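Visitor: As given, the protein sequences belong to chains A, B and C, one line each in that order. First residue of the first sequence? That's 1 in the working numbering, and the numbers climb one at a time after it. First residue of the second sequence? That's 1001 in the working numbering, and the numbers climb one at a time after it. First residue of the third sequence? That's 2001 in the working numbering, and the numbers climb one at a time after it.
Take these hints with a grain of salt, some might be off.
[Unchecked claim] Here are the computed lysine-lysine pairs in the DSBU-like style, where the Cα-Cα straight-line distance is at most 35 Å:
#, chain 1, residue 1, chain 2, residue 2
1, B, K1192, C, K2028
2, C, K2343, B, K1192
3, C, K2061, B, K1082
4, B, K1055, C, K2132
5, C, K2132, B, K1415
6, B, K1199, C, K2058
7, C, K2082, B, K1415
8, C, K2459, B, K1199
[Stated by the list, open to error] One side only, chain A facing chain B, incomplete, derived with CB under 10 Å:
#, residue
9, L40
10, L41
11, L45
12, L69
13, Y81
14, T99
15, G103
16, L123
17, A142
Treat the hints as calculated values from the structure; they're not laboratory data. In this text, all values refer to a predicted model and were calculated from it rather than measured experimentally. Every residue gets a Cβ at the ideal spot worked out from N, C-alpha and C, and that includes glycine.
In case you want the letters, here they are:
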Amino acid sequence: MSHSAAAGHGAPAEHDPVFTGALRARLDALGANYPTRQALLLPALWMVQEARGWVSEPAIAEVAEVLGLTPAYVKGVLTFYTMYHTHPVGRHFVQVCTTSPCGLCGAEETLQAILRETGCGELGATSPDGRFTVVEVECLGACGFATPVIIDEDFIESVTPERVPGILARYQ
Amino acid sequence: MGYPHPSHPRETVVLSKHFGDPGARTFDGWVQRGGYQAIRQALGMGRDALIELVKASGLRGRGGAGFPTGLKWSFMPKDDGKPHYLVCNADESEPGTFKDREIMRWTPHQLIEGCLIEAFAIGAERVYIFVRGEFTELFPILGRALEEAYANNAVGRNIFGSQTSVDIVVHRGAGAYICGEETALLNALEGKRGNPRIKPPFPAQAGAFGMPTTVNNVETLAAVPHIVLRGADWYKGLCLGSPKSTGTKLFSVCGHVQRPGNYELTMGFPMKDLIFDLAGGMRPGRTLKAVIPGGSSVPILTAGEVEGTLLDYESIAEKGSMLGSGGMIVMDDSTDMVKTIWRYVKFYAHESCAQCTQCREGTAWTAKILERILAGQGREGDLQLLLDLAENMTGKTICVLSDSCAAPVVSGIRKFRHEFEAYISRSRAPALAAV
Amino acid sequence: MSQDLVTVTIDGMPVGVPKGTTLIEAAKHAGVLVPHYCYHPSLPSPAVCRMCLVEVEKQPKLVPACVTPVADGQVVHVNSPKAKAARQGVLEFLLINHPLDCPICDQAGECELQDYTFQEGRAGTRYAEYAKRFNPVEDFGPDILYVANRCILCTRCVRFMDSVAGTPVLNVSERGDRATIGIAEQERLDHPWAGNVVDLCPVGSLLSKDFLHKARAWDLDKAASVCPGCTQGCNVTIDTRDDVVVRLRPRANLEVNRHFMCDEGRRDYRWMNRGDRLEAPLVRDGDRLVAADWDAALDRLAALLRETAGRPAVLLASGRMGTESLGLVRRLLADRPVTAAVKVPLGEEAPLPGVPGLALRRERVPNLRGAELVGVADPWEAALGALGGAGLVVVLDAPLDEGEARRLAASGAPVAWLGTVEHEAARGAALVLPVATMAEETGTFVNRDDRVQRYQQAKGAPGMARPAWWVAGEVLAGPGPDADAPQTGAQAFLRLAELLPAFAGLTHASLGFTGQVLRPAAAGVGA
Chain A
1 MSHSAAAGHG APAEHDPVFT GALRARLDAL GANYPTRQAL LLPALWMVQE ARGWVSEPAI
61 AEVAEVLGLT PAYVKGVLTF YTMYHTHPVG RHFVQVCTTS PCGLCGAEET LQAILRETGC
121 GELGATSPDG RFTVVEVECL GACGFATPVI IDEDFIESVT PERVPGILAR YQ
Chain B
1001 MGYPHPSHPR ETVVLSKHFG DPGARTFDGW VQRGGYQAIR QALGMGRDAL IELVKASGLR
1061 GRGGAGFPTG LKWSFMPKDD GKPHYLVCNA DESEPGTFKD REIMRWTPHQ LIEGCLIEAF
1121 AIGAERVYIF VRGEFTELFP ILGRALEEAY ANNAVGRNIF GSQTSVDIVV HRGAGAYICG
1181 EETALLNALE GKRGNPRIKP PFPAQAGAFG MPTTVNNVET LAAVPHIVLR GADWYKGLCL
1241 GSPKSTGTKL FSVCGHVQRP GNYELTMGFP MKDLIFDLAG GMRPGRTLKA VIPGGSSVPI
1301 LTAGEVEGTL LDYESIAEKG SMLGSGGMIV MDDSTDMVKT IWRYVKFYAH ESCAQCTQCR
1361 EGTAWTAKIL ERILAGQGRE GDLQLLLDLA ENMTGKTICV LSDSCAAPVV SGIRKFRHEF
1421 EAYISRSRAP ALAAV
Chain C
2001 MSQDLVTVTI DGMPVGVPKG TTLIEAAKHA GVLVPHYCYH PSLPSPAVCR MCLVEVEKQP
2061 KLVPACVTPV ADGQVVHVNS PKAKAARQGV LEFLLINHPL DCPICDQAGE CELQDYTFQE
2121 GRAGTRYAEY AKRFNPVEDF GPDILYVANR CILCTRCVRF MDSVAGTPVL NVSERGDRAT
2181 IGIAEQERLD HPWAGNVVDL CPVGSLLSKD FLHKARAWDL DKAASVCPGC TQGCNVTIDT
2241 RDDVVVRLRP RANLEVNRHF MCDEGRRDYR WMNRGDRLEA PLVRDGDRLV AADWDAALDR
2301 LAALLRETAG RPAVLLASGR MGTESLGLVR RLLADRPVTA AVKVPLGEEA PLPGVPGLAL
2361 RRERVPNLRG AELVGVADPW EAALGALGGA GLVVVLDAPL DEGEARRLAA SGAPVAWLGT
2421 VEHEAARGAA LVLPVATMAE ETGTFVNRDD RVQRYQQAKG APGMARPAWW VAGEVLAGPG
2481 PDADAPQTGA QAFLRLAELL PAFAGLTHAS LGFTGQVLRP AAAGVGA
């Protein structure tokens, strides 16, 4: 099983397979939960992102092969969901809710504080030290705890501009 | 208990009784608090009796549509030899709504028990709990709760020594509001784009993996064990307004109130009391301007309309809005309605699945017009154009995302027209940089 | 039967249609075309373009005609103000970002967005915002370009590759108004049937590189034809511009190819435009071939037949010749023992999984079955083997390779060469007669399933070239003013039908545009 030959537009990219050993076993074990292999697509993409930080084109091809799908199909699904990264991101990924309910409660100020403090400057950019990528996201479902911010897998409630430096300091 | 603040004396605490109590998260802790009695009782009742019980209770779907829950269960075919599925919709993402998250966060076994009862009632041997991907802290909580439930034979083969087997699987979403729509959720579960499906067929005919499926919201399922234990009459008796709206409901209150949070109230509770008494009212010196009562997808109510409105499906409908998910977004007089509405529209434009023309193009176009108005480049005719687009976006698509985008625009222009006109006439300074 | 029919009234016209029919198909029976983009009768319906919304009495909302089955007694309004307003709304939405580059768009003139906008869209735009723009052109495959800016996301292409081609290499990427049709880096849109996505695209978003900027749609002449590529017999349209074939496109025939054709068939038209054509009859004069008029040439052919009467003959034919030509040329040799064969080039079979019974067939000639029916049914090798003892060889445009040409020359028998293009092997012939290609005549092919299908003339034959059936018909009728030679393809077919029980009762007219299957008993009877 080779995943390294990525023909097409780009230069052939070396890809170290994700689904070997323990991860492959974990994926196959999850298979018992679903009547189709295709249902493993979202879980598989999560596993790739956990392992590699983002989902590259060769990883797309690998997921497709492992699940018996085509790369284009996988890519169509992948790009539908905003939580999967199709590009490399900083060591810490920061998601800030700015939808209206949080917007009423100062989300914009919190976002600006985070952009300033991380050195990212603008949305979607990665800070020069590679530490943070900050994005604006739609409703995180914690409107009573404005402004919620997710950093990596941590869901942090009630973030105000004043709390930003202290929170970010926990992520080196 | 209560979270983030202690329960208010005027709340009717049923589902939220153990919010803020980490002890309720463990299997033993839940059993000590009376958990897993209802499922044992249900297993002895028989399926039809259960469905009748839920019908009689008047429980309606708490996800937003308010469809009678028992009736939904009764659509499931009987003895058809096919696998049946129960799918729990935990993709809570309607702006203004944050109740399901608290149920799962503090009382995962409450949800598990509700799932078991319904699974038994509809003959499902597998339950999928579809949790939105952003709820990062819930995955370990639900994972541990399920592990313990399996270890205690509450979930799995022959639960509690009965003939019934139920497996429960937590499925993680990956960032898509539209997956809160039940057929989009089913597609996401199946490893597809989260596109809503054409109905018919309805999920009870062909749902998850083409099999008979019932999709229920977290809060709906969490209410079921209490109905089983305390009876339909008790639940039906929890009613302060229309007899068609029964039981308790978690109302998420956010925005410009002093004590945002979830409040569990008997259906028919006065809206004004929730905002001003329980949630603490406006900040000093501020007055109420408007409320979006049921999550961002419903029409806006003015402060005047809040007056005399009861928190039930019928009363809010009389005022031209909807109870929806029970997410109340409260806005005081400092609120720029144009900017607020623009931000909602931007949300829908971001979340449109791209299937239907009106939604894909209409949400984005509407956002651009509002953005231009806010940037001080509004034109005469823009408001009529916005209303025309809203008309073209309403009632014409596969799901209601496009309708939901149009609702705040239409009610906003109707009720706060002068604010739009102030931007268009340049009598108000631009709120956004020019495009 | 009758209890399975339901009656609906569509724009005032009552129609009876089978239960389960969709409103959009029922409307066709009422003579009403419901405007649509995503719907296609050979694809699953997603009901996403929302263009086909119609008003059904007693229903609160407009319904998508493409997925709504008829119900008995329904009263449907396709052109009510409410339905028209909804469609106008959709058209407006589709156009806000659509570049109005129709002057340089290949689809212009056959564009469904143009057509419906012209028919019932708004005269002007109300869109005052910046337009959404993607990379102008993406290379999807060997013959296919994608212009995202023109795309209306009907997803026909995605559904074709998924449900029909069974190779989902296209997707919808992203969501909201950022959505486009996408392809993975590792994949190409190179399925043997991929070209159909260009036809399916209702706008100029998917383009054929081969046809790119070749012609404006309104400059094209169209002829209903049959693909000469293999024994499947896909129905096609030959598009010509100024008598030059510029493309082949599939023509609907639900029994044969639904709405599709393969890429090999689609590409295989350049031979129809060859410049090295035989343009005048040539007759042998000593060691030279000299030009002659048709009278002289026909006399010479008749004489040659007389001179060799009774001696064994060989007929080497092309399977691209129509049944009329094969049949009447074969008839010329009815008075002698004949070994007659068509040359059948072979290739890979390439099925289209979503349409049972549809494939690019191994046998890459269209009229193998027609040849068999008229008695040109011997194995090709047997015919070559018979050259040695032949008293006469008739070549009917058979594409001889060098070895075959040498064997022909070695036979020493006189050769009557009826051909379309110049060929080295014709130099030794007793006479060389220029004949028309299938694109230049009206005739029939019989496909592998015994379906007789008519093709119509798409362009003029060069110079003095005439259909081969005309040549044979004239000789069979003999000289003189009373001779009753067929002068049209239809007459030639009638002549054949008189001679061959297989075709009895059929006429070109009765074949219509989709052909007729021969009765089983009649099939398989030789000349």
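Visitor: Are A:L123 and chain B close enough, Cβ to Cβ, to be under 10 Å, as the hint says?
Guide: 13 Å, violated
Visitor: Does the alpha-carbon distance linking C:K2132 and B:K1415 stay inside the 35 Å limit?
Guide: 32 Å, holds
Visitor: With a cut-off of 10 Å on the beta carbons, see whether A:A142 makes it to chain B.
Guide: Holds: closest Cβ of chain B sits about 5 Å from A:A142, inside 10 Å.
Visitor: Would you check the hint for C:K2459 and B:K1199, treating anything up to 35 Å between C-alpha atoms as holding?
Guide: 50 Å, violated
Visitor: For a C-alpha distance cap of 35 Å, please report whether B:K1199 and C:K2058 respect it.
Guide: Within the cut-off at roughly 19 Å; holds.
Visitor: Given the proposed pairing of C:K2082 with B:K1415, does the C-alpha separation stay at or below 35 Å?
Guide: 27 Å, holds
Visitor: Given the proposed pairing of B:K1192 with C:K2028, does the C-alpha separation stay at or below 35 Å?
Guide: 34 Å, holds
Visitor: Are A:T99 and chain B close enough, Cβ to Cβ, to be under 10 Å, as the hint says?
Guide: 5 Å, holds
Visitor: Is the interface hint satisfied for A:L40? The criterion is a beta-carbon contact with chain B at less than 10 Å.
Guide: Holds. Min distance 7 Å.
Visitor: Mind checking the CB of A:L41 against every CB in chain B and telling me if the closest is under 10 Å?
Guide: 3 Å, holds
Visitor: Is it true that the CA of B:K1055 sits at most 35 Å from the CA of C:K2132?
Guide: 50 Å, violated
Visitor: Interface hint check: A:Y81, Cβ to nearest Cβ on chain B, cutoff 10 Å. Holds or violated?
Guide: Given a least distance of 3 Å, the restraint on A:Y81 holds.
Violated hints, in rising order: 2, 4, 8, 16; the structure is consistent with all others.
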